[in-house]
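Student: This is what each chain is made of:
2 protein chains.
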Amino acid sequence: MTYRNPVPTVDIIVELIDRPSRPIILIERKNPPLGWAIPGGFVDYGESVETAAVREAKEEIGLQVELIEQFHVYSAPDRDPRKHTLSIVFLATGTGEPQAADDAKNLNIFNLWEIPTNLCFDHDQILRDYRRYRHYQVRPRY
Amino acid sequence: MTYRNPVPTVDIIVELIDRPSRPIILIERKNPPLGWAIPGGFVDYGESVETAAVREAKEEIGLQVELIEQFHVYSAPDRDPRKHTLSIVFLATGTGEPQAADDAKNLNIFNLWEIPTNLCFDHDQILRDYRRYRHYQVRPRY
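Which chain is which? The protein sequence lines are A and B, in order.
Position 93 of the first sequence, counted from 1, bears residue number 93 in UniProt numbering, the numbering being contiguous throughout.
Position 119 of the second sequence, counted from 1, bears residue number 119 in UniProt numbering, the numbering being contiguous throughout.
By construction, these hints were calculated from the structure, which means they are not laboratory data.
Honestly, I wouldn't trust all of these hints.
Copies of the same chain look alike in the list, so a pair counts if it fits in one copy or across any two.
Unchecked claim - Think about it this way: if two alpha-carbon atoms lie no more than 25 Å apart in a straight line, the pair counts; the simulated DMTMM-like pairs of lysine to aspartate or glutamate are:
id, residue 1, residue 2
1, Lys83, Glu47
2, Lys83, Asp18
3, Lys83, Asp44
4, Lys83, Glu50
5, Lys58, Asp44
Note that this is a predicted model, so its numbers are computed, not measured.
So here's chain A without its partners, still in its complex pose (with noise of 0.2 Å):
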């Protein structure tokens, strides 16, 4: 089956209100690209992106996240080694003792000065976009 068009996924950015300088919850992942990554999968069919972004996070870190806004889509075709995805990355908040599950092996809580670099996909550069926004208010812009 080839698909004609991108196909969507999002991305999750989960801040801990519940703890000092609200860290971020990043992932290992189980299958390939393997390496760390923000919490995410694909968009089902006849679900909004809002509900895709509550559920993998239910089912990754095994939180129920309350979404603040949508952050930013990223697109480029090179951006997943599978195929051409789209990524609609938002900032959700959390609370509690994140629990890694389905396509997550593992989980780790960084604070934003300790978040690492080489990440899959293209999350070093979403992350530096959050960092840049988190800290000045400054949104990807053209």
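Use these hints to put chain B onto chain A, whose structure you have.
Tutor: Frame of chain A, contents of chain B only:
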């Protein structure tokens, strides 16, 4: 062919910056659903959403637009009567005389206080959100 994922589209709100009050362009659709709409179309496989937005503006209204920013993503499963689509809405600027072509049978230029209702898809909602943003700098949030 059944899609397992919503199909990504782009819509482009083009402000004509060489005219008083920066009016916007709406098109009359040539194909069902018939009616007035924001210019836009499907994102091709291998094409970023930015490339798709510039291409669709060129095809439907004959203008080389400049993208300003992403506005918001709309993805309610019933927003398009044909199938589940999601739309990444862009704000852009253009100058000169737009010409309807391709999927656009006709076009018209509207000041912000003259925008019609009963548009196709969820474009009434999109333009309400856009007007709120343009007047008050308030984005759609949750």
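Student: Each hint needs a verdict: does it hold in this structure or not?
Tutor: Here is what the structure says about each hint:
1. Lys83 <-> Glu47: both (21 Å within a copy, 12 Å between copies)
2. Lys83 <-> Asp18: Answer is neither; intra-copy 37 Å and inter-copy 41 Å both fail.
3. Lys83 <-> Asp44: both (16 Å within a copy, 13 Å between copies)
4. Lys83 <-> Glu50: Intra 23 Å, inter 18 Å, cutoff 25 Å: intra and inter.
5. Lys58 <-> Asp44: Intra 15 Å, inter 31 Å, cutoff 25 Å: intra-copy only.
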